[in-house]
Amino acid sequence: MKAFLLSTILMSGVLCASAQPLATPQPSPSQTIKQNFSVGSLELSYSRPGLKGRKLGTDLAPYGKVWRTGANGATIIQFSDDVTIGGVALKAGKYGVLSIPGATEWTLIITKDLNVNQPSLYKQENDVVRVKAPVTKLAEKVETFTMNFANFTSSSCDLQLMWENSAVALPIVANTDEKVMKQIDDIFSKDSKPYFAAASYYYDNGKDMAKAKEWVDKATQDPANAKAFYMFLLKARIYQKLGDKAGAKASAEKCIAGATEAKNEEYVKMAQDVIKSL
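Residue numbers (my numbering): 5 to 282.
Hints listed in this document are in silico derivations from the structure and should not be mistaken for laboratory results. C-beta: ideal position from N, C-alpha, C; glycine also. Do not rely on the hints blindly, as some may be mistaken.
[Said to hold, decoys possible] Cut-off 20 Å, straight-line C-alpha distance, at most; resulting in silico cross-link-like pairs (SDA-like, lysine to any residue):
hint, residue 1, residue 2
1, Lys141, Asp190
2, Lys231, Ala171
3, Lys69, Ser160
4, Lys215, Val177
5, Lys59, Glu47
6, Lys217, Ala171
7, Lys136, Asp190
8, Lys98, Glu109
9, Lys59, Pro31
10, Lys136, Ala171
[As the list claims (entries may be wrong)] Label-pair restraints from in silico Cβ distances:
hint, residue 1, residue 2, range
11, Ala214, Lys194, 46 to 56 Å
12, Lys141, Ile191, 16 to 26 Å
13, Pro31, Ser84, 44 to 54 Å
14, Pro25, Ser193, 22 to 32 Å
15, Ile37, Lys141, 17 to 27 Å
16, Asp117, Asn40, 21 to 31 Å
17, Lys183, Ala214, 31 to 41 Å
18, Ile191, Lys95, 18 to 28 Å
19, Ala143, Gly210, 30 to 40 Å
20, Lys183, Gly57, 31 to 41 Å
21, Lys116, Asn40, 49 to 59 Å
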């Protein structure tokens, strides 16, 4: 009898030791989004619950109550550089994302507390930003809670939240111009000067075109850039903006010649479009 019991125990131990963990899908899959923004980056980590026949505002994310803005753990956003949200300056770093859903308006909250994974842990004194965001009604139902970054400019974007037939957005603003201008000042005090990159920034952001012309001229005068057709396209566009049609045409023609040699039809067409618009 003792031998039988010992044998049973030993066999049970072997079975337990050999059992493999069972991998199953997450009911609310986690997601991490890394996004380049301005001259830095954004990172968002959250979990994505599904409707599964339930209703937003009642069964899920009740209206008028603090929600962790996802499932499972706290939702976290990270800024590599300082940003401004709702008129409030935020230092680079990690923050929690919370919300108070509503039928026509959500309150979006950025908190310094990174551990709010249930309403009872929320403390309003830890808020750093509270923004009222109107609800936009979606024509098609979003089954799985979705957050993403969209509507980019060189210095702004939106953090979008979408679920069921509701969408809200949280605008994020970066002080891109100050950072880029400081870089330009710092770099131009050294021997190696990024003339083309600086001219591109000035052109793209509607700054001093005379200065952009000075820099693009220096970039294209460098013998190493003689076949840099993309530089001549920028030069043509800057000259066009300054009203110098002859200079714009000559630069566009150089772009066409270089791009044709490089078999780059896209730049050939863009240069031809400049000439047509003169």
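Cross-check of the supplied hints:
1. The straight-line distance between the Cα atoms of Lys141 and Asp190 is roughly 47 Å, outside the 20 Å bound, and the hint therefore fails.
2. Distance hint between Lys231 and Ala171 is unfulfilled; the C-alpha atoms sit about 48 Å from each other, more than 20 Å.
3. Between the alpha carbons of Lys69 and Ser160 the distance comes to roughly 29 Å, so the proposed pair goes past 20 Å and is violated.
4. Simply put, Lys215 and Val177 have alpha-carbon atoms about 26 Å apart, too far for the 20 Å limit, and the pair is violated.
5. Of the supplied pair hints, the one linking Lys59 and Glu47 is violated, its CA atoms being roughly 29 Å apart against a limit of 20 Å.
6. Pair hint Lys217 plus Ala171 does not hold up; C-alpha atoms about 44 Å apart against a cutoff of 20 Å.
7. The straight-line distance between the Cα atoms of Lys136 and Asp190 is roughly 39 Å, outside the 20 Å bound, and the hint therefore fails.
8. Annotation: proposed proximity of Lys98 to Glu109 is violated, straight-line Cα distance about 25 Å (limit 20 Å).
9. Proposed proximity of Lys59 and Pro31 is supported: the alpha carbons are some 17 Å apart, at most 20 Å.
10. Among the hinted pairs, Lys136 with Ala171 is consistent with the structure: their alpha-carbon atoms are about 13 Å apart, no more than 20 Å.
11. Distance hint check for Ala214 and Lys194: the Cβ-Cβ separation is about 23 Å, which falls outside the suggested range of 46 to 56 Å.
12. Separation of Lys141 from Ile191 is about 48 Å and departs from the stated range, judged on CB atoms against 16 to 26 Å.
13. In this structure, Pro31 and Ser84 break the distance hint of 44 to 54 Å, their C-beta atoms being roughly 32 Å apart.
14. At about 59 Å, the CB distance of Pro25 to Ser193 disagrees with the hint of 22 to 32 Å.
15. About 24 Å separates the C-beta atoms of Ile37 and Lys141, a value consistent with the hinted range of 17 to 27 Å.
16. For the pair Asp117 and Asn40, the supplied restraint of 21 to 31 Å holds, since their beta-carbon distance comes to about 27 Å.
17. Our hint of 31 to 41 Å for Lys183 and Ala214 is violated, since their Cβ atoms are close to 23 Å apart.
18. At roughly 25 Å, the beta carbons of Ile191 and Lys95 sit within the given window of 18 to 28 Å.
19. In this structure, Ala143 and Gly210 meet the distance hint of 30 to 40 Å, their C-beta atoms being roughly 35 Å apart.
20. The given range of 31 to 41 Å is broken by Lys183 and Gly57, whose C-beta atoms sit roughly 48 Å from each other.
21. About 25 Å separates the C-beta atoms of Lys116 and Asn40, a value inconsistent with the hinted range of 49 to 59 Å.
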